[in-house]
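Enquirer: Line by line, the protein sequences are chains A and B.
Quick note on the numbering used here: the first sequence kicks off at 1158 and runs consecutively.
Quick note on the numbering used here: the second sequence kicks off at 22 and runs consecutively.
In short, the hints are calculated from the structure, not lab data.
Think of the CB as a built atom: it goes at the ideal place given N, C-alpha and C, for glycine as much as any other residue.
Take the hints with a grain of salt, since some may be wrong.
Unchecked claim - Beta-carbon label-pair distances, calculated as ranges:
#1 B:Gly118 to A:Thr1357: 39 to 45 Å
#2 A:Val1185 to B:Pro191: 43 to 49 Å
#3 A:Ala1421 to B:Thr29: 46 to 52 Å
#4 A:Arg1178 to B:Arg319: 50 to 56 Å
#5 B:Thr29 to A:Glu1471: 42 to 48 Å
#6 A:His1412 to B:His332: 51 to 57 Å
#7 A:Thr1357 to B:Asp200: 53 to 59 Å
#8 A:Gly1186 to B:Asp215: 52 to 58 Å
#9 B:Gly216 to A:Thr1357: 40 to 46 Å
#10 A:Ala1237 to B:Arg132: 42 to 48 Å
#11 A:Asp1301 to B:Pro66: 43 to 49 Å
Stated by the list, open to error - Covered, in the sense of this in silico footprint (three residues per stretch, anywhere, with C-beta under 8 Å from a C-beta of chain A), are these stretches of chain B:
#12 107-119
#13 175-181
#14 300-312
#15 378-389
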Amino acid sequence: MSERDVALAMVGCAGDIEVHREAVARLVGGVVSVVIDPDPDAARIMAEAVGASTTVATLDEAVDTHEVSFDAIVLRGPLAHRLTAIKLAALNQKHVHAEAPVTGSLDDTDAAIDACASTGVLLSIGNTLRALPSNRTIKERVSDRKLGVPGMLRGHRWRSGGDNGIGILVERIYGDIDLAAWIFEALPSEIFALRREEGTDGTQLDYLQIHLGFPGGGMALLDFSAALPEGEEYHSHFLIGSTGAAYADDHHNSHLLYRGGNPAALISREGHLRVTEELQGFVTAIRENAAPPVSGEDARRVHQIANGVARSLEAGQALTAKEAAYEVI
Amino acid sequence: MRLSSDNTTYRVAALSVVKHAYLPRGVIGHPRFELAVVADDDNQPDWVHERNELFAREYGVPYVRDVERALAEFDVQVAVVSSEPERHADLSVRAAGLGLHVIQDKPMSTRLSECDRVVHEVERNEVKFMMWNRNFLPAVLEGRRAIERGDIGDPYAFHVDFFFAKDAGPPKGSRKPADPPMDWLEALKAAHVDGSDGGVGTEAIGELQVEGCYPLAYIAMLSGACVSRVYARTASHFHQLHTDNGVDDMATVTLEMDRGLVGSICLGRIGVASHPDIGEIKLHVLGSKGALVISEARPEISIYYREQPAHEFRNQRLIDIENDYLLADNFAQALDTDGNTILDAEASRAIAAATHAAIESASSGRCVELS
């Protein structure tokens, strides 16, 4: 790759405009040359934010027209269209940075991996929790053995908005499952999951709890709620290692707002830094012809685990890993 | 919370004070209770008698090396049991059998059959029983009040993290091949100096049994539900002592309870380096209309100074002593009114059953139903 900037096509405009404005402004060696979205207003607003000179409605159009030049796509938007987009990009020698969970299934993720491998383009994964400064710090401390051998990961992830039941399971749990697999550097050997969809009063609960065992005795316990009242989300996790521990907690990172009555919590989050880190990692991998920080194989692993979670939910029992799948013990 | 207002003073026999002296101190620190005697079985080893005598001397009461004689001769109404866990149930059964009310340290017993004996004897003699607990800590009561007010609607998920950031001797992996396994009793006797001796005895017990009572008691009180099924993972992850003796120092438990309620516990003795204070102890509760995040330690004050000892907590709890007073007061009220204690024999037995089911689940890898 020459010294010119890597030109990115942003496919799909859903999400925080300001986060992407900040992230792209900090990008070294990369620019966004085109924004692709069937909604022209959304495309225009995102293009203005990220400094793109062109907007088009579809990826097909972007590939077909000679007026639009890009080296790679940043793929966001509905899972249903992801595999088609990845195949099209790969066929046209465009590297791919796809937001997790990449596709909606393990089979489609495998197809995406194969499509990119067959033409030699990168498949990079974004929208994970790994790139958050808090989790990068945890991983660094694990890698330099300060925390010892990872023993226990606990996470709570609560939000509002509902999930119409569990929704697309892998989309909901991807970040935390990927984090666990990344920290423990393994697929879990045991999985137990339970859900509660409705409360005793008929309230929609959309609640999921996942309990993982890892080879060597490590364990993770994660719970997810999509039934908080409308408003701010809550995230909390900690990692206990054999010689140290790390705690990342909204409770700790809260300011207080007094407006009469009990104060409200204003939670300090990590802002644009995740997106910044991920886009830079992708651009750097392209420029240096290196492997991306998070690859298709990492996504594949999460889909495998998500399938195990689904199987445990269905069976109402704990599962153990047996070759390539999880089976009731 | 109504405090006891009767003036009756109950005389207390402390049956064995070999580990957590905070329990008898907590009881006799309340004006309704008066220590009359310390007692234990004569056939106990010297180290047991030494600790008992020290406690008796501190309070200026006799030490009697004969439990039944002490209970008969000293006009006591309440027995406080703080022996090794493997003797908890036996001492409680004997005291209840003589018509004494019992306050007992946790765990109820290392065996469910022994728990059943305690329940049976307490019921047969119509005496009161309370297992020592932390349910009256200010932060826990704050959470209970929020739930009772309906602040979060109907609660349906209860999660407790319960860690003691304490060492238990050398770290796992430190034993040389030629060294013998660490002796559980000797190690726990040595741990008495910093109060890390909750599992002292000839029988090694893991943290799920030593500590699990506390978070299970929180969940029982806040949910009002019984555990019906568990899935658990345990490991010896931190300490050579636990590894050598085949018991856990870390555990995660998924709980399924009555009425479709769910919960989880994460606990462990995680080493002094892993938290600036006693350890992360938090409650997370989800309800139909909201959620709660409670830090059990608060209110706290943070204190830092030059040459501060490494073992001194930087964040110090301010009013935890209230728990001891309120537990004793709760017991006094139960005696006065023939009411229930905050953690009676049946509830304590249920906690023990959940703990044993979790140990079984961790061993088998399967979910375990509770009868």
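Enquirer: State the violated hints by number, sorted upward, taking the hints as numbered earlier in the document.
Expert: The structure breaks hints 4, 5, 6, 10 and 12; every other hint is satisfied.
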